[in-house]
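*Asks:* Guided by the hints, dock chain B onto chain A, whose structure is given.
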Amino acid sequence: MYDTGDTICALSSTVVAGNMLGKSIIRISGSDAIAVAGEVFCPDEQLRRRGTTAGMIAVADIEIDATLYAFSSPQSYTGQDLIELHFFAAACVVELVMAELLAFARQAGPGEFTLRAYLNGRIDLSQAEAVAEIVAGSNAFQLQAAQKLLAGKLSQTAAKIREEILDVLSLIEAGLDFSTEGITFLGQDEATETIGRITQALKTLLGGSIRYEEMIDLPSVGLAGASNAGKSSLLNALLGQERSIVSDQKATTRDVLCGVLELEKCRCTLFDCAGMGRAETDSGLLDELAAQTAAEAIKAANMVLLCVDLAKTDFSEDIEISRTIHDGELVLVATKADLLDEQDSKRKSAQLTELFDSQPVLTSTRSGRGIDSLRALIDSRIVRLTAGAAEAADRIAINQRHRKVVAETIEHLIAAAGQITLGNDEIAAMFLRSAYEVLAGLEKEYIDEAVLERIFSNFCIGK
Amino acid sequence: MKTDRYDCIVVGAGHAGAEASWAASRLGAKTLLITLSRETIAKMSCNPAIGGLAKGQIVREIDALGGLMGQAIDATGIQFRLLNRSKGPAVQSPRAQADKYKYADYIGNRLAAADNLTIVEGVVADIITRDGAVCGVACKDGAVFHAPAGVVTTGTFLRGLMHMGEAQWEGGRLDEPASNELSDSLKRLGLKLGRLKTGTPPRLDAATVDFDKAEVQYGDEEALPFSFMTDRIDREQVPCWVTWTNENIHKLLRDNLHRAPMYTGQIEATGTRYCPSIETKIVRFADKDRHQVFLEPEDEAVTTIYCNGISTSCPRDVQERMIAMLPGTENARIVHYAYAIEYDYVPAIQLRASLETRAVAGLYLAGQINGTSGYEEAAGQGLIAGVNAIRKLNGADPLVLSRDQAYIGVLIDDLRTKQIDEPYRMFTSRAEYRLALRSDNADRRLTRIGRSVGLVDDLREQRFSSKLADIERLTAYLKSNRRDGKSLWQLLKQPNSNLPNELADDETVKGLAVSGDVIAAACIDAKYEGYLARQGQQIAAFRNLENIKLPPDLDFNQISHLRCEAKEKLTAFCPSTLGQAARIGGITPADITVIQIHLKKHTYANHSTHPRHI
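Order-wise, the sequence lines are chains A and B.
If you read the first sequence in our numbering, its first letter stands for residue 1, the second for the next number, and so on.
If you read the second sequence in our numbering, its first letter stands for residue 464, the second for the next number, and so on.
Be aware that one or more of the hints could be misleading.
Stated by the list, open to error - Simulated restraints on C-beta separations:
| no. | chain 1 | residue 1 | chain 2 | residue 2 | range |
| --- | --- | --- | --- | --- | --- |
| 1 | A | A159 | B | R821 | 31 to 39 Å |
| 2 | A | R403 | B | R753 | 22 to 30 Å |
| 3 | A | T204 | B | P958 | 48 to 56 Å |
| 4 | B | G993 | A | K299 | 34 to 42 Å |
| 5 | A | A35 | B | A996 | 51 to 59 Å |
| 6 | B | G1049 | A | D44 | 39 to 47 Å |
| 7 | B | T1034 | A | E100 | 53 to 61 Å |
| 8 | B | A1003 | A | K203 | 24 to 32 Å |
| 9 | B | D647 | A | G187 | 35 to 43 Å |
What the hints contain is simulated information worked out from the structure, not anything from laboratory work.
Built from N, CA and C at the ideal position, the CB exists for glycine as well.
Extracted from the complex, chain A is given alone in its bound form (with noise of 0.2 Å):
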C-alpha cells in the first residue's frame, strides 16, 4: 500500500551505461520535496519556489553543474510540490546523489508519482493509463493514441454514450415507477432502437479503434545530422501548433522521440535522432546507448531527414552520418538558408547536391522557408508507401482495458434489449445499470486497492 503523505524521490530518464556521462533527471514529490533537493543541490541564486534554478549538485568531493526546476503544489504534476535536478553525470555519480537524497526521502515505487497525481485528482484514470502507455510506448505513434486519451477522446465520447444510456434508463425507469400516471414513458420499439444504436455506436467505436501494437506499423520519419545542424528547430518548425507534449518537457521522455507530424493526407511520427554524429555534449564523451537507440530508429524510419548547415564548409561528419542512412529513405535538407545570400545559396546547394548525390531542400526555420514544401514532400512520400493509413490516426486508440470495457457494455446492451422485447422492464434496467457502471469504468471506479496497485505498478518510476 502506498502512503502519500512523505516526500519520494526516483530517478527517470536518463541514458546512462558504464561510466558514461548521461543526462539523468531525479524527481522529488511531497511537501519536504524542496528541502530535501537542498540537501545536494546548491544555488546560484537564491532557490526559488517556482521556476528554473541553476546552481550545482554537490556529494562527496564531486560538483556537477545542474539545473532545479520547481513545481510548486498543487499545480505540478502530481499535485505536491515536485522538483526535478537535471544534470550530466556519469552512473556512479549518479547514484552517489541518490544515495544521498534517499537518506531524506523515501524511493519511490513503480508508477507512484502517477498515483499520486491520479489520488490529488490532477489526472482521472484513463489519463493516468495514458501516461502508462506513454511511459511505456516505445514507437511515437503509441504515444500520440495515448494522448488521445489524455486529452480526453475516449473519455469524452464515453461519456456521450454514457448519457445516452442514462436517458434510456431513465425512461425505462420511469415506466416502472409511475405507470400509474397513464403515460407511455417509452416504446418498447423505441427502446430497443436508441439501444440498437447505442450498441452500434460502440461497435464502431471498437471497430474503428487501433490497438497498441498495431500502431508499430504505422510510418516514421527521422531527423538525422550532425549537432547544431538546426534539427531540434526544424523539428519545431515542422511539427508547429501540432507539436505534441512531450518535446515540451525537454528530455522527460525518450530522447529518441519527438511527436506527430500532421500533414494535409496523412499523419506520421517524427524522431530526432539526437546522439548520431559526433560529439553532442562538450565533455567529447558520446553516448553509446543513444547512439544506439538512434541508429535503430532510423533503420526503422520510412524516411530519414538528413539536416545539412548550408553554412558550414566541411561537409565530412554529414557524409559519414548519410553513409548510414539507406538511399531510398533519404531527403537532404539544407538548413540555415537564411544565412547565406541567393548566389551561396546556390553554390553551395550544388556542391551538397554532388556530395549527396541528391537535390536538397532549402528551408530556414527563421524565414520560414522551405517548410512547406517539405511538410509536402513529406506527405506525398509517406501516403505513396502506406497507401491507406491516413485515415487510421484519426482512429481512438484502445487498450486492452478500455477493449474489455466497451465490449462488456456492448454485452450488457444487448442483453437489455433482449429483455425488453420479453417485456422484462425491471431485468433490463439492471443491465442498463450495468452497462452504464460498466462503461463509467473508464473513468470512474471504486477501485480496491488491490486493482489500484495493478495498475500503477503498470508504470516506470517517475512517470
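*Replies:* This is chain B only, laid out in the frame that chain A set:
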C-alpha cells in the same frame, strides 16, 4: 407537577411514532407515547391509502420485521390493488385504499392494548438533556417525563405554516396547532433545521358527487394482503373513480396563479417534483390538455372523497370554481379545502445510521421530520428508531438494514448520503438491488432479523418457518420433475411461461399442500435465479466497501491530500462506512482511495513498525 420515569419516550403518534412506540414496547422497554390527541393517532392526514409502487414493499418489510402497518391496512382496507401487475414481480407493489377512520382506530387500539406502553396527551415543548444525552421531555403544561431515550416523530408540526391562497396561518395539520417551541428546542440542541413544503387536495362530500360522470375503477378481484400474517381478505371492496381536468379549469388556474402562494413567493420552501400541485402541473406541462383526478373514498361508507391529483395552494374561491368545473363534482360540497404547508425538518445527515442524532445521545428522529414524505417511509423509520433506541439502552449494536437487504435500508442510507431538497419519497429505481428487494420475499429478507431483535413473535416465526419449508419442498419438486426433457424449474424461466398458473391445479403440487404464496415465491425464484446470481456479484462488490467501517472519531480534516471539498462534505455527512462515503455526492473515487490509504497508514502506525523510509 406531573413527573414520571420511562425507558423511552416517543413524541408524536403519526405513522412513525406508532411504529416506534410499538417496537420499543415490544422489546420490553417501558415506553411513553405523547400525542397531541388520542383522536389523531395514526391519522391519515393526506392520501387515504397505504402502499403503492416501492411504498408497498416498505409496508411488507415493516410487517416482516414485526411492525403494525401491514396488519392495520389488511384490517381496514376498502380497495386492494397490485400495481405493475403486467410488469415483473420485482416491481409489483400492493396498494390499498383505507377507511382512514378505521385505520387510525385499529392502530390506536393495538397501541392502547400493548404491554409496556403508556399513551398520554400533551404538547412537548422541550427535549431535556444532560451531558449531551437525552434525559426527558417537558410539556407545555409543565409536565415533565424522564427517559434515557427519546424518539421524535413530529411530522409537519415543527413551525408548521399553512397556506390557502393569500391566507396563511400557523398550524401543524388541518385544525391542529403547530409546534414552534419544539423546533426551537431542537435548534438549541445543536441541530440544523431546513424547510420543506407539501400540500393536500380538497375533500368532498361524497353524497354531492355524481360518480356516473366519472370512470369507475375497481380493485383486484382477489385482494392480496399486505401482512404475511393475513391469510386472505374477504371484505367487500369499494370502487374508486377517475375524472379529468379540462381546459376551463386550466384557464381558471392560469388566471389565478398570482393568488397561488407557490407562485407569489409566499411559500419559500421546496415542493415535490413527483407530486406537484395542479397549478404546477398546468405551468410545467402546459401542452397537456387534461390531468387525471382520482376520486378516492376516505371510508368504507363512502362519506368523503379525496381528490387525488389536484393538490393546490389556491384560495377557497378558486378551489370552489375548479371543483364546479370538474366532471362529476360540479355540485359537490367541499368538506375540507386544500392547503399547502411549510414546515421545519432536520436534514438527516445529522443522524447516525441508527437514526440517533449525532448531537444528542439517545435522541432519535423518524418520519417527516427527517425530510421524507409518505406514511410508509415514516413508519419504516419509526420502527428502526424505536428498535435502536432500546437496543442502545441494552448495549446492543444498532439495527442497520443495508441497501441490499431492504428498501428501509435504502431509505435511511439515502437520507444520510444525499442532499435532500424535496420531501424524499421512495421509488423502486432508488434500489439498485431491486430484483432482490421484492414484495413477495420481504419475509425471507427480514423476518429472521425481526426475530433476532425481538419484534417477531412465536406465531409469526412459526408461520415463516413453515412457509420456508414449503418453498423448499416445492422447489425440490420443480427441480426434480421434468417435462419435455426440461425440469419444471427450467421451464419456469422461459418467458411468458404459463406454468405458474398451471401449478395450482397440478395434482402433485396439490399433494404438497402449499399455499398460493409459496407457489408464487418458487416461481419468482426460478424466473429471477440467473439474474439474482448476477446481482449477487454486484452486491458482493458493494459490500467490500460497505464492510470497511470508518472509525467514529475519524477526523476527515486530518487526512492529508483529501480535497477541501471532500473534507467539507465528509465532515458534514459523517459516513460510517467507506461505501457510504463513496455514495455522497461530490466524493470522487480518488477521495475514497485517499481515505483508504489513510486508514491503512493508521493501521500501520498502530500495529506495525513499517519503515517510513527505505
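*Asks:* All the hints need checking, so say for each whether the structure fits it.
*Replies:* Verification of the supplied hints:
1. A:A159 / B:R821: 31 to 39 Å: holds (37 Å)
2. A:R403 / B:R753: 22 to 30 Å: Once the Cβ atoms are compared, 51 Å apart, the range 22 to 30 Å for R753 (chain B) and R403 (chain A) is violated.
3. A:T204 / B:P958: 48 to 56 Å: violated (30 Å)
4. B:G993 / A:K299: 34 to 42 Å: violated (56 Å)
5. A:A35 / B:A996: 51 to 59 Å: holds (56 Å)
6. B:G1049 / A:D44: 39 to 47 Å: holds (46 Å)
7. B:T1034 / A:E100: 53 to 61 Å: violated (41 Å)
8. B:A1003 / A:K203: 24 to 32 Å: Taking Cβ atoms as reference, A1003 (chain B) and K203 (chain A) lie about 30 Å apart, which means the hint holds.
9. B:D647 / A:G187: 35 to 43 Å: Between D647 (chain B) and G187 (chain A), where Cβ atoms are some 54 Å apart, the hint is violated.
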